[in-house]
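Listed below, chain by chain, are the residues.
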Amino acid sequence: MPVAAEGFPTVARDYFELFQLPVEFDLDLDDLAGRFRVLQRKFHPDRFASQGIGERRAAAQLSADINSGYRVLCDPVARAGFMLERVGCDLKALEREPVDGGFLMRQIELREALRAPGSSAAEPRAQAVAEAKALMEAALAGFRAAIGEDDLTAAGGFYVQLLYLKKLNAEVAVTSEPV
Amino acid sequence: MVLLQIAEPGAAPEHTAERKLALGIDLGTTNSLVAYVENGAVVVLRDEEGSACLPSVVHYGAEGVLVGKPAEALALAAPKDTIASAKRYLGRDEAEMGETDYVDLEAGRLAFVTSQGSVTPVEVAAALLQALRERAEAAVSLPISGVVITVPAYFDDAQRLATRQAAELSGLNVLRLLNEPTSAAIAYGLDSREEGVIAVYDLGGGTFDISILRLERGVFEVLATGGDSALGGDDFDKQLVALLTEEGGLGKLDPSQARQLLQKARAAKEALTDANEVTVALDSVVPGTASVTVSRELFNERCAPLVERSLDACRQCLADAGVAGVDQVVLVGGSTRMPIISKVVGEVFGRKPLDSIDPDQVVAMGAARQADLLVGNRDAEDLLLLDVIPLSLGVETYGGLVERIVPRNTTIPVARAQEFTTARDGQTGLVVHVVQGEREQVGDCRSLATFELNGIPPMVAGAARIEVTFRVDADGLLEVAAREATTNAVAHVVVKPAFGLDDDEIAAMLRAGYEHAADDMRARQLTEARVEAEQLIAGIESALAADGDLLDEKERHQLQAAMTQLGAAAEGADIERLREAIEVTGEASATLAARRMDRSIKDALGGVAVAALAGDSEL
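So the sequences go chain by chain: F and D.
Just so you know, we're using the numbering used here here: the first sequence kicks off at 1 and counts up by one.
Just so you know, we're using the numbering used here here: the second sequence kicks off at 1 and counts up by one.
Isolated chain F, as found in the complex:
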């Protein structure tokens, strides 16, 4: 029976290079979508359907990489993780590092505020939603600054915060859905 393992393989392809983008945290999503379309138009296996096996195989792999790269670069949290991975950080190890107790406590409180029965219209919920969003913005800004200065320790810390905040904000989306 398999058990999820420790550690993860290092990056197989540099997505910034694939999309011919500078290695910077900020990117223009419309420009990225344009690059994605250009690359897929050229390298999708459908473009090689009547060619040899070698071309078809290579196109399938490249097209899969383009899809993965697009997915990772589109999402700021995944992009942050990738930026750390590509300079050799072990994300799994990072996730095991102790997290600031105050930060964790606040996460739990916010989650409870979001989940409280009948909270969908209540004032505490609205505050929690706003705070979840603000915390996300702050952590993204923190990561941007840290990675810009090559401070991997600080960037790693912000990345772990981002993982928690992504879950928290997903909770916002789920709990606000009309039934």
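Among the clues, some could well be false.
Unchecked claim - Straight-line distance between alpha carbons at most 25 Å, and here's what the computed SDA-like set of lysine to any residue pairs gives:
| hint | chain 1 | residue 1 | chain 2 | residue 2 |
| --- | --- | --- | --- | --- |
| 1 | F | LYS167 | D | LEU401 |
| 2 | F | LYS167 | D | ARG315 |
| 3 | D | LYS602 | F | ARG13 |
| 4 | F | LYS166 | D | ASP320 |
| 5 | F | LYS92 | D | ARG315 |
| 6 | F | LYS92 | D | THR486 |
| 7 | F | LYS92 | D | VAL460 |
| 8 | D | LYS602 | F | ASP28 |
| 9 | D | LYS20 | F | ARG56 |
| 10 | D | LYS20 | F | ARG57 |
| 11 | F | LYS92 | D | VAL531 |
| 12 | F | LYS166 | D | GLY322 |
| 13 | D | LYS602 | F | GLY142 |
| 14 | F | LYS166 | D | GLU440 |
| 15 | D | LYS602 | F | ARG71 |
| 16 | F | LYS167 | D | GLU438 |
| 17 | F | LYS167 | D | ALA417 |
| 18 | F | LYS166 | D | ALA319 |
| 19 | F | LYS92 | D | GLY399 |
| 20 | F | LYS167 | D | ARG416 |
| 21 | D | LYS602 | F | VAL72 |
| 22 | F | LYS167 | D | VAL323 |
| 23 | F | LYS133 | D | ASP320 |
| 24 | F | LYS167 | D | ASP320 |
| 25 | F | LYS133 | D | VAL323 |
| 26 | D | LYS554 | F | VAL99 |
| 27 | D | LYS69 | D | ARG133 |
| 28 | F | LYS167 | D | ARG439 |
| 29 | F | LYS166 | D | ARG416 |
| 30 | D | LYS602 | F | ALA170 |
| 31 | F | LYS92 | D | LEU401 |
Keep in mind that the hints were calculated from the coordinates and are not lab data.
Please read these numbers as outputs of a predicted model, since none were measured by experiment.
Please build the complex by placing chain D on the supplied structure of chain F, with the hints as guidance.
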């Protein structure tokens, strides 16, 4: 309009001049169709009587096999020998289908018992494909280069594989399996050329699909797809059968009477499309029974739970797609002719549904477009399709839980790896159980395959590192590989359902086919393989001439050796050896192909502003 054909740099330039024939096939539960593109227009092929729909019915009687209308005509007289709606059984096993009186449980897999012996759903589908192939060959003089076959978007891996097997059995080269709603969207998208978000509501005879797509700058991107692979027009017929049985006070019917009643119900359903009420005479089914009048209102009421099931899937799909609304709604499938469907779908999406293309033909038409494009006809529409995987893929992990590796609605092709480790000290083997579905418990998902990885060196629990890689190709078909990182022990499987046909069975069936068709089929296949070998060698030689520097001495030597072998095999008449050599040489050339593609990434994105580039290609 005839355009000058200009080969794209880097693409194989040799064969652009000749026009190739590629077919689009809608292999439906109730009806099947075939279409192709001629002079830029889609032609839906018809039978001698002018009908485009081939009833998806095959009759296996003592006197022979009949397909389509003649088979349908025998449905009442010989219900057991006449297989309809076989698509519902493709890639399924008997446990999933429940009790059916014509299923051969002794065969160890789902098969129908007929006067011609036990027949699998794959063979029934192959017989239908064969009939469509003959229809095309009679109409068009060109040889068929390949086909695009449509499948419900919600088809899982086993169902897709079964469809591919059916094509293989009927001797067709499958260019691509295409999702039915996507195919319909292509037909409409190319028709209207309007960019934006399109929802496709596809209610066929046996399956329901909902897809949401975005068309932007010539790229068709499927944002989300969903549906119910066991919901279709047949279920509406059943509601009507139940209603007629109740109202008419009918008791237990024999198979022939049941078929007759079903035909009555179907006719009544179709009549209710235009009429507000219909009177069904039941005297011919069971003598002495009074006629029953059914109003559209009553019919709608009885079918409301079915309609609601489809709408739930629509709402989920909208949420998955992450769009607030859609610009267009397209109706596909004969069952969408029911007025209630058009009404409620319009309400859910807030748009009046489009139905300008015949809902029975639109899927085959889109498939024909895609086939024309894939076969490389230069004047084909310049459109790229990005589809998604409809159901999540994962493996069984501790406690019967599913560890999801590829979530549903991920754009394909996709390659994803996940690491696992051993649970016990000294564990040397590992069983990987691959499942598909959205539930957390393995028992609630569909089991696709189980394979073993052996030869892991004994280590303490948690020390081994086993990487499981999932690859899903553009057809939505899965390949799984597992590798132990410290020893490189490798297990590699193309996922095959235990209850489908295995390669040996397919080969045996094909051989049986050759015997009937004498040697000419084999001769033709040998010629085709030789042409393929020639093209492969020519392609590699031109690639080497242009970018030979991308390979080192050893790699170049290996590739040359493979090509020499291939050349020798092409001289001989051993088709198996030739196919093997094509495979080996093709594999050997993948490295060069990949590096050439990498080299051209810069050209694709370099220099010109990307936004302009993306827009340019529309010209």
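Status of the hints after comparison with the structure:
{"no.": "1", "hint": "LYS167/F with LEU401/D", "result": "holds (21 Å)"}
{"no.": "2", "hint": "LYS167/F with ARG315/D", "result": "holds (23 Å)"}
{"no.": "3", "hint": "LYS602/D with ARG13/F", "result": "holds (15 Å)"}
{"no.": "4", "hint": "LYS166/F with ASP320/D", "result": "holds (17 Å)"}
{"no.": "5", "hint": "LYS92/F with ARG315/D", "result": "violated (36 Å)"}
{"no.": "6", "hint": "LYS92/F with THR486/D", "result": "holds (19 Å)"}
{"no.": "7", "hint": "LYS92/F with VAL460/D", "result": "holds (20 Å)"}
{"no.": "8", "hint": "LYS602/D with ASP28/F", "result": "holds (19 Å)"}
{"no.": "9", "hint": "LYS20/D with ARG56/F", "result": "holds (19 Å)"}
{"no.": "10", "hint": "LYS20/D with ARG57/F", "result": "holds (23 Å)"}
{"no.": "11", "hint": "LYS92/F with VAL531/D", "result": "violated (51 Å)"}
{"no.": "12", "hint": "LYS166/F with GLY322/D", "result": "holds (17 Å)"}
{"no.": "13", "hint": "LYS602/D with GLY142/F", "result": "violated (32 Å)"}
{"no.": "14", "hint": "LYS166/F with GLU440/D", "result": "holds (22 Å)"}
{"no.": "15", "hint": "LYS602/D with ARG71/F", "result": "holds (20 Å)"}
{"no.": "16", "hint": "LYS167/F with GLU438/D", "result": "holds (19 Å)"}
{"no.": "17", "hint": "LYS167/F with ALA417/D", "result": "holds (22 Å)"}
{"no.": "18", "hint": "LYS166/F with ALA319/D", "result": "holds (18 Å)"}
{"no.": "19", "hint": "LYS92/F with GLY399/D", "result": "holds (23 Å)"}
{"no.": "20", "hint": "LYS167/F with ARG416/D", "result": "holds (22 Å)"}
{"no.": "21", "hint": "LYS602/D with VAL72/F", "result": "holds (20 Å)"}
{"no.": "22", "hint": "LYS167/F with VAL323/D", "result": "holds (21 Å)"}
{"no.": "23", "hint": "LYS133/F with ASP320/D", "result": "holds (22 Å)"}
{"no.": "24", "hint": "LYS167/F with ASP320/D", "result": "holds (17 Å)"}
{"no.": "25", "hint": "LYS133/F with VAL323/D", "result": "holds (21 Å)"}
{"no.": "26", "hint": "LYS554/D with VAL99/F", "result": "violated (51 Å)"}
{"no.": "27", "hint": "LYS69/D with ARG133/D", "result": "holds (16 Å)"}
{"no.": "28", "hint": "LYS167/F with ARG439/D", "result": "holds (20 Å)"}
{"no.": "29", "hint": "LYS166/F with ARG416/D", "result": "holds (22 Å)"}
{"no.": "30", "hint": "LYS602/D with ALA170/F", "result": "violated (37 Å)"}
{"no.": "31", "hint": "LYS92/F with LEU401/D", "result": "holds (21 Å)"}
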